[in-house]
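Trainee: Listed below are the residues making up each chain.
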Amino acid sequence: VDLIAGTARVGVGAATLVAVEITSRSIRIAKVVVPASLAEGPLDAVERHLGRRQGEAHRSERENRDNVSEAAESVLNRVVVGVVDMLDMEQLIDHVPINKVVARVDLPGVIDEIDLAGVIREATTGLGAEALDASRAGLMAMDLWGARVVDRILRRKEPRDLVVRWNAIAQPESANTEVLS
Amino acid sequence: MSQHPQIRSERGQQLQGLRAGFVSRAVASGTDVVLVLCVYVVGVIVVSIAWDLFFSTSISVAAPPHWVNALLEWILLVAYLTAGWWSTGRTVGKQIVGLRVVGSDGSPVRFWRALFRAVLCASFFPVLLLALVNRRNRGLEDVAFRTVVTYDWLPQIDQPQAEPPVDTRSVIEARLASVPVVRS
Numbered sequence: 001v002d003l004i005a006g007t008a009r010v011g012v013g014a015a016t017l018v019a020v021e022i023t024s025r026s027i028r029i030a031k032v033v034v035p036a037s038l039a040e041g042p043l044d045a046v047e048r049h050l051g052r053r054q055g056e057a058h059r060s061e062r063e064n065r066d067n068v069s070e071a072a073e074s075v076l077n078r079v080v081v082g083v084v085d086m087l088d089m090e091q092l093i094d095h096v097p098i099n100k101v102v103a104r105v106d107l108p109g110v111i112d113e114i115d116l117a118g119v120i121r122e123a124t125t126g127l128g129a130e131a132l133d134a135s136r137a138g139l140m141a142m143d144l145w146g147a148r149v150v151d152r153i154l155r156r157k158e159p160r161d162l163v164v165r166w167n168a169i170a171q172p173e174s175a176n177t178e179v180l181s
Numbered sequence: 001m002s003q004h005p006q007i008r009s010e011r012g013q014q015l016q017g018l019r020a021g022f023v024s025r026a027v028a029s030g031t032d033v034v035l036v037l038c039v040y041v042v043g044v045i046v047v048s049i050a051w052d053l054f055f056s057t058s059i060s061v062a063a064p065p066h067w068v069n070a071l072l073e074w075i076l077l078v079a080y081l082t083a084g085w086w087s088t089g090r091t092v093g094k095q096i097v098g099l100r101v102v103g104s105d106g107s108p109v110r111f112w113r114a115l116f117r118a119v120l121c122a123s124f125f126p127v128l129l130l131a132l133v134n135r136r137n138r139g140l141e142d143v144a145f146r147t148v149v150t151y152d153w154l155p156q157i158d159q160p161q162a163e164p165p166v167d168t169r170s171v172i173e174a175r176l177a178s179v180p181v182v183r184s
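So the protein lines, in turn, are chains A and B.
First residue of the first sequence? That's 1 in the working numbering, and the numbers climb one at a time after it.
First residue of the second sequence? That's 1 in the working numbering, and the numbers climb one at a time after it.
Since the hints were made in silico from the structure, they are not lab data.
Just so you know, these numbers come straight off a predicted model, no measurement behind them.
It is possible that some hints are incorrect.
To be verified - If you anchor each label on the Cβ, the simulated ranges turn out as follows:
id, chain 1, residue 1, chain 2, residue 2, range
1, A, G126, B, L37, 26 to 34 angstroms
2, A, A117, B, F54, 37 to 45 angstroms
3, A, R148, B, S107, 47 to 55 angstroms
4, B, V61, A, A117, 37 to 45 angstroms
5, A, R148, B, W51, 48 to 56 angstroms
We treat Cβ as the ideally placed atom computed from N, Cα and C, and that holds for glycine.
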């Protein structure tokens, strides 16, 4: 209904614009033909009125056109959804030559585009690095635990001095076995 | 902010550059020894088969005498350890565990020092046991050859960089320029 009403409004607007344009041109011709003393008063008033009408008609025509395009899109969507709902997909797929379609796809080209080797390489590298980091961290924990046990047996009260001289500035003050364990 | 954002483990980040403990070092050394043994066994098999292919009618794997095996393994181990410590401070085992051997001043280990250290380590494995009780995690080989084994997971962190030379004159001039001049 919106679509029909909108389309009608667009038609009326267009007709108005044509009529205004014809009248405007007629007045211009009349102003040339008719003597100036007779034409100046009424014809000028009519021309001003027509100018206003023309502006309004343009504005109205733009609005109507937008409304009609929105309504048309909505109607089209509904129609497509309705048609798709009506279709029997199983039967449709039976009629589509899938094998021919797949045969026409350039699979090696698609795989080349994807860079499958790169994806696999990145995934495995990330997993490997994580596993390696976890193993190293486990060994570090065992280092600290072993040192603590030995220090306890030897009844040491001071933590081990792990900071090397050339790294002393870069290392935090807390870099000892007590804090890190 | 972390100093080593590439390292995911928090403990790993905290301990980078510190003296490595006994367990990590023992695992790295064990890995190296196993690797050298594997290389030796494969080498003996390949050489034996290659020899038989050219100079014998039948193919068999030779079993060298025990002392030959021990000597060749020792030589291979010494050469391998020396090459690793002298070149990058790492052997494959240390690379896996994330350790590096450097001089006590942070400098790379020189050839002769690496060689003698390798000879000591290959000849007498228990030298590492001292790291278990030493307060600075130093093994006998570290004490004897003034080396340090540190945690160093990232290959790009190489030796400590020397501080750039300070231009004393420019520093003094800059400080003098910042002093306000009092005029009487």
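Trainee: Each of the hints needs a verdict: does it hold here or not?
Mentor: Comparing the hints with the structure gives:
1. G126/A to L37/B: 26 to 34 angstroms: holds (32 angstroms)
2. A117/A to F54/B: 37 to 45 angstroms: Holds - the Cβ-Cβ distance for A117/A and F54/B, about 41 angstroms, lies within 37 to 45 angstroms.
3. R148/A to S107/B: 47 to 55 angstroms: The hinted range 47 to 55 angstroms is violated for R148/A and S107/B, with Cβ atoms some 31 angstroms apart.
4. V61/B to A117/A: 37 to 45 angstroms: Given a distance of about 38 angstroms, which is inside 37 to 45 angstroms, the answer is holds.
5. R148/A to W51/B: 48 to 56 angstroms: This hint holds: roughly 54 angstroms between Cβ atoms.
In this structure, only the earlier hint numbered 3 is contradicted, and the remaining ones agree with it.
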